[in-house]
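In order, the protein sequence lines correspond to chains A and B. The first sequence begins at 0 in numbering that gives the first Met the number 0 and counts up one residue at a time. The second sequence begins at 0 in numbering that gives the first Met the number 0 and counts up one residue at a time.
Accuracy of the hints is not assured; some may be wrong.
[What the hints assert, rightly or not] Stretches of chain A that chain B covers, calculated by requiring three or more beta carbons in the stretch to come under 8 angstroms of a beta carbon on chain B:
(1) 11–25
(2) 31–42
(3) 47–60
(4) 66–77
(5) 227–240
Hints are computed from structural coordinates only; laboratory data are not their basis. All values reported here derive from a predicted model rather than from experimental measurement. Just so it is clear, CB atoms sit at the ideal spot from N, CA and C, and this is done for glycine as well.
One-letter residues, chain by chain:
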Amino acid sequence: MAANVHDAAPVAHHFNNLQQQHDAIRLGIWLFLVTEVLFFGGAMCAYTAYRIWFPKEFEAGSAALNVGIASVNTFLLLASSLTVTLAVRACYDGQQKLVQFWLGVTIILGSLFLALKAREYYLDFEEGLVPSRKLVSPQQSSMIGEGAALAAPKYAFVQSLERALHHAGYPTEGVDLFRVQLFFMFYYILTGLHVIHMLVGIGLLGWQFFLAKFGFFRYPARYIYIEVLSVYWHFVDMVWIFLLPLLYLAGPHHFGQVISGLQQAFGLSQ
Amino acid sequence: MVESPHHDHNAHTGDIHEVASVTSSLTTFAVLAMLAILALVVGFSNLGEIKVIISLTVAATQSLVLSLFFMDLRRADPLIWLVASSGVFWVGLMFLFIITDYLTRHIAVL
Chain A
0 MAANVHDAAP
10 VAHHFNNLQQ
20 QHDAIRLGIW
30 LFLVTEVLFF
40 GGAMCAYTAY
50 RIWFPKEFEA
60 GSAALNVGIA
70 SVNTFLLLAS
80 SLTVTLAVRA
90 CYDGQQKLVQ
100 FWLGVTIILG
110 SLFLALKARE
120 YYLDFEEGLV
130 PSRKLVSPQQ
140 SSMIGEGAAL
150 AAPKYAFVQS
160 LERALHHAGY
170 PTEGVDLFRV
180 QLFFMFYYIL
190 TGLHVIHMLV
200 GIGLLGWQFF
210 LAKFGFFRYP
220 ARYIYIEVLS
230 VYWHFVDMVW
240 IFLLPLLYLA
250 GPHHFGQVIS
260 GLQQAFGLSQ
Chain B
0 MVESPHHDHN
10 AHTGDIHEVA
20 SVTSSLTTFA
30 VLAMLAILAL
40 VVGFSNLGEI
50 KVIISLTVAA
60 TQSLVLSLFF
70 MDLRRADPLI
80 WLVASSGVFW
90 VGLMFLFIIT
100 DYLTRHIAVL
């Protein structure tokens with residue numbers, strides 16, 4: 000029957016044996032990851048140069064971020080790294096149902112990460128923490144009163160950042176608030192690239208889940224694909240491990256902000 | 000048409016590589032979670048300028064544990080080790096030359 004065609008792991012004609020084929024697949028994913036390291040490395044190198052030039056601005060930008068969501072997301076990603084490893088083990092043992100289960104759990108954990116990340120972007124946008132050259136007229140600013148007509152227009156970003164930093168209890172003296180936009184450019188680009196990698200990972204996990212669910216593959220014959228996928232997923236986790244201290248924990252923070260950040264995320268704050 | 004009994008993994012996967020046991024994976028996860036807690040403790044502390052150095056050291060340790068145990072680099076072939084270490088080497092070169100260049104120029108804007 001056709002179903003049995005996949006029982007044995009097929010060896011492509013250009014390989015001598017399955018071992019050589021597996022070694023080539025592993026080499027392929029690691030070569031790909033080297034290009035990824037250089038890709039993220041380039042962005043982080045630019046970050047390093049600017050942070051050395053403008054340390055106060057970077058710390059101020061970091062102080063305005065939601066560390067509650069970032070902390071929870073760290074553990075969600077670590078847990079998903081564990082579950083994808085358990086999927087590889089299940090695959091190796093030929094336990095088809097367990098492969099599906101652990102792939103499914105990994106997809107759920109990854110999606111939870113993305114849902115929280117989306118919520119975080121929404122809150123950032125709502126707070127006005129988006130780089131722009133938009134000006135707010137004095138009537139719209141908080142200086143409504145007698146002298147309002149004389150007040151100069153202000154950058155919308157600066158006004159929003161002032162509010163966010165005041166809320167975080169961060170002193171703004173000596174900080175060029177307009178330049179904090181530089182930090183936010185890095186924040187959006189680095190986290191955005193990470194999100195794209197997460198989406199690709201979830202897509203690939205979903206595809207393997209589909210294949211496992213409908214019995215296209217008989218494990219453990221095809222376990223190498225799950226192994227290679229797990230290596231990619233771990234790499235995405237590794238990128239986050241560096242983004243956490245560089246973006247979220249660069250400024251002064253305290254544990255209380257984890258609670259207040261989560262309250263804000265779930266709409267429980269005022 | 001052979002039904003797959005699972006007494007000999009290598010015969011089925013056609014691969015001499017071993018895969019981490021469930022216990023080993025759970026241990027790795029526990030270590031990584033501890034390091035993540037440490038990263039947060041450092042991040043929420045008031046260590047001043049050396050905070051970033053300590054944070055990045057913790058992150059590098061986490062990456063090492065992750066790559067050795069979860070990505071299974073410890074059982075990988077010498078060729079994979081060569082590829083992985085060349086990645087670290089190249090990214091190191093990139094940082095070295097770009098940062099030394101930028102920091103020894105006249106400061107950009109003041």
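Hint-by-hint comparison with the structure:
1. Using a Cβ-Cβ cut-off of 8 angstroms, 6 residues of the stretch 11–25 of chain A lie near chain B, which meets the minimum of three, so the contact claim holds.
2. Beta-carbon proximity to chain B at under 8 angstroms applies to 6 residues in the stretch 31–42 of chain A; the threshold of 3 is reached and the given coverage holds.
3. Coverage of the stretch 47–60 of chain A by chain B holds. Counting CB-CB distances below 8 angstroms, 4 residues qualify, and the rule asks for three or more.
4. Counting residues of the stretch 66–77 of chain A whose C-beta lies closer than 8 angstroms to any C-beta of chain B gives 5; at least three are required, and the coverage claim holds.
5. With 7 residues having a Cβ less than 8 angstroms from any Cβ of chain B, the stretch 227–240 of chain A passes the three-residue criterion, so the hint holds.
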